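Since the structure of chain A is provided, determine the placement of chain B on it from the hints.
There are 2 protein chains.
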Amino acid sequence: MALPQNGPTAAILVIGDEILSGRTADTNGNTIARFLTPLGIDLKEIRVVGDVEEAIVSALNVLRRTHELVFTTGGIGPTHDDITADAVAKAFDVGIGYHPQAYALLEARYPPGQFNEMRKRMARVPFGASLVANPVSVAPGFHIGNVYVLAGVPMVMQAMLEAIAAELPRGQKVLSLTLEANVAEGTIAAGLQQLQKAYPDIAIGSYPFYREALPQPFGAQLVLRSSDAKALECAAEALERMLQELGAAPQRMI
Amino acid sequence: MALPQNGPTAAILVIGDEILSGRTADTNGNTIARFLTPLGIDLKEIRVVGDVEEAIVSALNVLRRTHELVFTTGGIGPTHDDITADAVAKAFDVGIGYHPQAYALLEARYPPGQFNEMRKRMARVPFGASLVANPVSVAPGFHIGNVYVLAGVPMVMQAMLEAIAAELPRGQKVLSLTLEANVAEGTIAAGLQQLQKAYPDIAIGSYPFYREALPQPFGAQLVLRSSDAKALECAAEALERMLQELGAAPQRMI
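Protein chains in written order, with the numbering used here: chain A, -14 to 239; chain B, -14 to 239.
Pulled out of the complex, with its shape left as it was, chain A reads as follows (with noise of 0.2 Å):
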């Protein structure tokens, strides 16, 4: 359930054939969702598309009119099939230019006349973007509008976002409190609602595990989320004397 807004909303895009055909699995998206939540970012969307111009440029559009941030991972990098800045650049109706400070970063990256053609490819940014630093293997990111655009490749991605954290705004952080109980969701179910009735500011969500380890092979994580620190420990406390009763033995998660 949504919680009451506190914070700016975001939306990603990751954008890649290779997530799509199962050939990837994206940890892109995982891993830009546990940036935000401490930020105060209300993460509302994540879309996957592929190597595609039309769908890019229709999604990008799409979410960046209905969220606050964007973020997208993938296809900035010098190959024919990275082609999200000019798709970028074709969302947001602007033009697009090798930018001055991106060229000469890549230009003394390389040895003499190994700075190509399709390597230039990375210092094409759409006119009006500022540069994401890349700590990593120097090829930048950009931001324009409310839409950063960053690597596909996680460790180069995940660097981008460190250096980009200092300048997004934020909103109260979200605490989340995390209930382990060995008890079935359909016994704790009504308990459960009634709780999120008594909390309606609070998220509370189940989810049931199965596990090998006997005896007790199934339980669920019951996870409460809210940026009020004392209600969350009020409805954890409720929570907590509802699986006792039950006989189901709760353990805070760290």
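Worth flagging that the hints you see were computed from the coordinates, not collected in a lab.
In this text the structure is predicted, and so the values were computed from the model without any measurement.
Each hint should be verified, as a subset may be incorrect.
Derived lysine to aspartate or glutamate pairs resembling EDC-like cross-links, with alpha carbons at most 20 Å apart [claimed, not checked]:
#: 1; chain 1: B; residue 1: LYS182; chain 2: A; residue 2: GLU38
#: 2; chain 1: A; residue 1: LYS158; chain 2: A; residue 2: GLU147
#: 3; chain 1: A; residue 1: LYS182; chain 2: B; residue 2: ASP71
#: 4; chain 1: A; residue 1: LYS75; chain 2: A; residue 2: GLU39
#: 5; chain 1: A; residue 1: LYS215; chain 2: A; residue 2: ASP186
#: 6; chain 1: A; residue 1: LYS182; chain 2: A; residue 2: GLU225
#: 7; chain 1: B; residue 1: LYS182; chain 2: A; residue 2: GLU230
#: 8; chain 1: A; residue 1: LYS182; chain 2: B; residue 2: GLU225
#: 9; chain 1: A; residue 1: LYS182; chain 2: A; residue 2: GLU222
#: 10; chain 1: B; residue 1: LYS182; chain 2: B; residue 2: GLU225
#: 11; chain 1: B; residue 1: LYS182; chain 2: B; residue 2: GLU218
#: 12; chain 1: B; residue 1: LYS182; chain 2: A; residue 2: GLU102
#: 13; chain 1: B; residue 1: LYS182; chain 2: B; residue 2: GLU147
#: 14; chain 1: B; residue 1: LYS158; chain 2: B; residue 2: GLU218
#: 15; chain 1: A; residue 1: LYS182; chain 2: B; residue 2: GLU38
#: 16; chain 1: B; residue 1: LYS105; chain 2: B; residue 2: GLU92
#: 17; chain 1: B; residue 1: LYS158; chain 2: B; residue 2: GLU230
#: 18; chain 1: A; residue 1: LYS158; chain 2: A; residue 2: ASP71
Then chain B, alone, in the frame of chain A:
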């Protein structure tokens, strides 16, 4: 890039606050992607939204109108945060109620007195939907129009996919051939671009990697995809020659 359309198109809608908060890394998107590719079903988009009815309804109504198949995962359990069935009914503008067969299956699963109101929620499906078998934990998914509504628990989701495999429309299988080479992307990029122009119906992707192992810590995996085995082999041989000329020792990956 987009391959020539040969089979049905598909989209995945992953539903769950826990993915957007970063608490859980989604694996269902990748599992479904790897399931669809050999069937020749062309996955065009993955979206992740939270446990918010409006977000689910709106995403589902876009996806089901723009793709031949839609697969949702998550939100069909017994707890208050499981709202997928209601959201799907709303998206299709149909009523929702207990499905007699689902109700009977679930009633038989629980000891007397334990099939409570919340567990009965798992028997609610939109009017007109047919059931998707759940060989793991009984509670079924369902199928309405072009939308398959599957569980969020990966083990259950996977079993449901197997259960529906035989009834899905298929396209020609897309074959994939990967060459790994000790070459910087920027060195091969111009050649790749030429190859792409020569083989416009083959999707050519380039994925750089960085590894700790010396003497060559970086390289690229070059992926060729097509449903035309002969064209794929021709393109692969051309690419191998190109890489050998660069001294890059290409290896076919299995």
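Check each numbered hint from earlier against the structure, then list the numbers of those it violates in ascending order. Hints 7, 8, 13, 17 and 18 are the ones this structure does not satisfy, whereas the remaining hints hold.
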